[in-house]
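Colleague: Fit chain B with the ligand to the given chain A structure using the hints.
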Amino acid sequence: MRKPQVAVVGAAETTRLGIIPDMSQIQLHADAALNALADAGLKLSDIDGIATAVETPQQIAHYLGITPRWVDGTSVGGCSFMLHVRHAAAAIAAGLCSTVLITHAESGKSMIGKLPRSIPADSLQGQFEAPFGVVGPPSMFPIPVLRFMKTFGITHEQLAMVAVVQREWAAKNPRAMMKEPISVDDVLNSRMIAYPFRLLQCCLVTDGGGALILTSAERAKNFPHKPVYVLGAGESVETPMVSQMESFNSSRAFRVAGPAAFAEAGISHSDVDHLMIYDAFAHLPLYGLGDLGFMPYEDTGPFIAAGHTRPGGKLPLNTNGGGLSYMHSGMYGMYALQESVRQMRGIAPAQVPNARISVCHGVGGMFAASGTVIFGNQD
Amino acid sequence: MAELARARPKPTPETQHFWDGTKAGELRLQRCDGCAHIYFPPRPFCPHCGGRAVSIFSASGRASLYSYVINHRPAAPGFAAPYAIAVVELEEGPRMMSNIIDCPQTPEALQLDMKLEVAFERLDDAITLPVFRPAKG
Ligand SMILES: [Zn+2]
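Quick note, the sequences are listed as chains A and B, same order.
Here the first sequence stands for residues 1 to 379, where the numbers follow this note's numbering.
Here the second sequence stands for residues 1001 to 1137, where the numbers follow this note's numbering.
Rather than coming from a laboratory, the hints here were simulated on the basis of the structure.
Be aware that a few hints might be false.
To be verified - SDA-like, lysine to any residue: derived pairs with alpha carbons at most 25 angstroms apart:
| # | chain 1 | residue 1 | chain 2 | residue 2 |
| --- | --- | --- | --- | --- |
| 1 | B | LYS1115 | A | GLU246 |
| 2 | A | LYS109 | B | LYS1115 |
| 3 | A | LYS109 | B | ALA1081 |
Next up, chain A with everything else stripped away, as it sits in the complex (with noise of 0.2 angstroms):
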């Protein structure tokens, strides 16, 4: 393993996660950032980086009152934070700025002065998706899980255990939108989404933010809280129409970042104590674990069906409950952050006992884009 020169010192999500009908997006972007200013025991003033993502980052930076000598606006869709993350261990270790503040928010429910999403119609989305009855991300994304069901041989039944593993996680969680315990069955006879999706393997649709501080491995120990460091990353994108994937038994974007995380951060699958794939909807663990090399395409449905990513599991998987059961507010990457960085800390609700490396998957779009990060808590 590499020497890390780049440490997460502050992480905190909104003071309220859920529905926020009373706070702006941009405002929620404010108070994710104050709470992890405070949670890093520095002043806004003290931020020299910033990098957020839907929102400009000349829009938080001014809101915010910040000058900045490094920026990044990176905005890939709901992994554009571990790109961030990538993107400010580079600036910091390359003397660019010192200390990099990302912020996402979104009012992805209340929709209080959220940007509207439109395709235009000459856009090639707008011309060759959009004239089929696409209706947003439950009539898209799901769209190929079907044929890595018939090429893999994952039923139904095992695309349901994701959904019952993950409210398992979110049952340890205070903060989970949803924790009453739910079974297979319940997975199968709930409302019909878009087949072969049903409600609860779908994601929530929430309001929240969160924000990351970043700096130098070197500072980091004079800080507050027990350093996360950023061992590796990885990017990547692949199309914006998921009509036009390679392959829909793999995300090409998946397959470059995941190993480009894992080399840099010069780690084996098996030193992975803690794990976060980026989970909009159901199938998205399984590929995942696929494309990211832990195991065969065909295991990935058995492996969690058998019950190895829960509570207790060999590898525990999006222990916060995920898209599916913390909350979802259009953006989920920076969750699954802040998730694996309380895990490093070793303050997670649901701690896994003594994890050392914590592996953070996102998606961007419908598999349009793809970033990896891979933590640790050791220098």
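Modeller: Chain B with the ligand alone, transformed into the frame defined by chain A:
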């Protein structure tokens, strides 16, 4: 409140030939003159080798069902739920999103890899969409 219209593609200079084709009852693809790569969606260069010498040709219209969802949520304007949103694989290689007509919109009827053939659904004077139906025989 007026009923919302079905999402309607707006051609660009680079895609106009495709939409002219569907209007004329042809499914037009592009092939690279240099490396023979066949690709979709339309663009005036080859995304495999970068060559700008490419030719437009009329595809066979034969395809197979690659994957799909059946949307049960409130339908997009112009649709009645439940309906399938499919990705078909053309005999020539490229895949495209489309709808499957003349077929029950059920998992039982919509079998992956089933043979399909192109059909054309006129939206208005300017736009005709390529859709697919189960192949005959
Ligand atoms: Zn070529």
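Colleague: Could you run down the list of hints and mark each one as holding or not?
Modeller: How the hints compare with the structure:
1. B:LYS1115 to A:GLU246: Holds, at roughly 21 angstroms.
2. A:LYS109 to B:LYS1115: Between A:LYS109 and B:LYS1115 the Cα gap is close to 41 angstroms, so the pair fails against 25 angstroms, i.e. violated.
3. A:LYS109 to B:ALA1081: Distance of about 24 angstroms is within 25 angstroms: holds.
When the structure is compared with the earlier hints, a violation turns up for hint 2 alone.
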